[in-house]
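Chemist: Reminder that position 25 of the sequence shown reads as 25 in UniProt numbering, one-by-one numbering, no gaps.
Mixed in with the good hints, there may be bad ones.
Only pairs whose alpha carbons sit at most 25 Å apart, straight line, appear in this in silico DMTMM-like list of lysine to aspartate or glutamate [said to hold, decoys possible]:
| # | residue 1 | residue 2 |
| --- | --- | --- |
| 1 | Lys66 | Asp98 |
| 2 | Lys56 | Asp79 |
| 3 | Lys84 | Glu38 |
| 4 | Lys56 | Glu12 |
| 5 | Lys84 | Glu55 |
| 6 | Lys66 | Glu127 |
| 7 | Lys44 | Glu127 |
Now the in silico label distances, taken between C-beta atoms and shown as ranges [to be verified]:
| # | residue 1 | residue 2 | range |
| --- | --- | --- | --- |
| 8 | Thr2 | Glu119 | 33 to 43 Å |
| 9 | Asp98 | Leu123 | 30 to 40 Å |
| 10 | Ala5 | Arg122 | 18 to 28 Å |
| 11 | Trp124 | Arg67 | 38 to 48 Å |
| 12 | Gly99 | Val14 | 14 to 24 Å |
| 13 | Ser33 | His64 | 22 to 32 Å |
None of these hints come from the bench; they were simulated from the model. Think of the CB as a built atom: it goes at the ideal place given N, C-alpha and C, for glycine as much as any other residue.
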Amino acid sequence: MTNVALISNEQEIVQQRVFMSWINHFVPNCIESNLVEELRDGTKLIALLYALTGEKIHEERGRHLKRIHFICNVQRALDFLQNKGLELINIRATDIVDGNPRIILGLIWIIILRFHIEEFMRLWHLETNESHHMFDHSFIPAQHRSAWKQDLKYKQFGTQLENSSSSIQTNECITTTSSDENNFSV
Numbered sequence: 001m002t003n004v005a006l007i008s009n010e011q012e013i014v015q016q017r018v019f020m021s022w023i024n025h026f027v028p029n030c031i032e033s034n035l036v037e038e039l040r041d042g043t044k045l046i047a048l049l050y051a052l053t054g055e056k057i058h059e060e061r062g063r064h065l066k067r068i069h070f071i072c073n074v075q076r077a078l079d080f081l082q083n084k085g086l087e088l089i090n091i092r093a094t095d096i097v098d099g100n101p102r103i104i105l106g107l108i109w110i111i112i113l114r115f116h117i118e119e120f121m122r123l124w125h126l127e128t129n130e131s132h133h134m135f136d137h138s139f140i141p142a143q144h145r146s147a148w149k150q151d152l153k154y155k156q157f158g159t160q161l162e163n164s165s166s167s168i169q170t171n172e173c174i175t176t177t178s179s180d181e182n183n184f185s186v
């Protein structure tokens, strides 16, 4: 295995741990050990969306669920996100059910951006009463500034997740805001 592959694999493991922690903050004990495996059937993804929005999404449950039920659950979650205004490009239910880690991590990143970081920034904006800017862009890395726009189109999230310095800063930001909503640092 090359150094690049080792670094990429290590980053993926760190991202999975951070995203697991973030999910478990909103849905306690939701993800026990393996983010990719545990989101495949769609039920935990639906539980996360319910915890974030308070809106119920019908899901297939039971002991003997098959692949088609998993796809149905994940597709309902993806449709829900699209109805909330997220443009999910190249994220398909089958990719999540098949356990594609890049797609799953990208989807969780999109959810974090939309439902956690944007909400935090909206509240921060209301507290500071800044009318001419949504917030001060100076503390956000340049490559992520466009991610804070209201009508964000999520494309090529893989390059954002692969950039190690921005990934580490983002991971620190997520864990910081998950444990203490009053502290925000990048």
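Chemist: May I ask which of the numbered hints given earlier this structure violates, with the numbers listed in increasing order?
Modeler: 4, 6, 7 and 10
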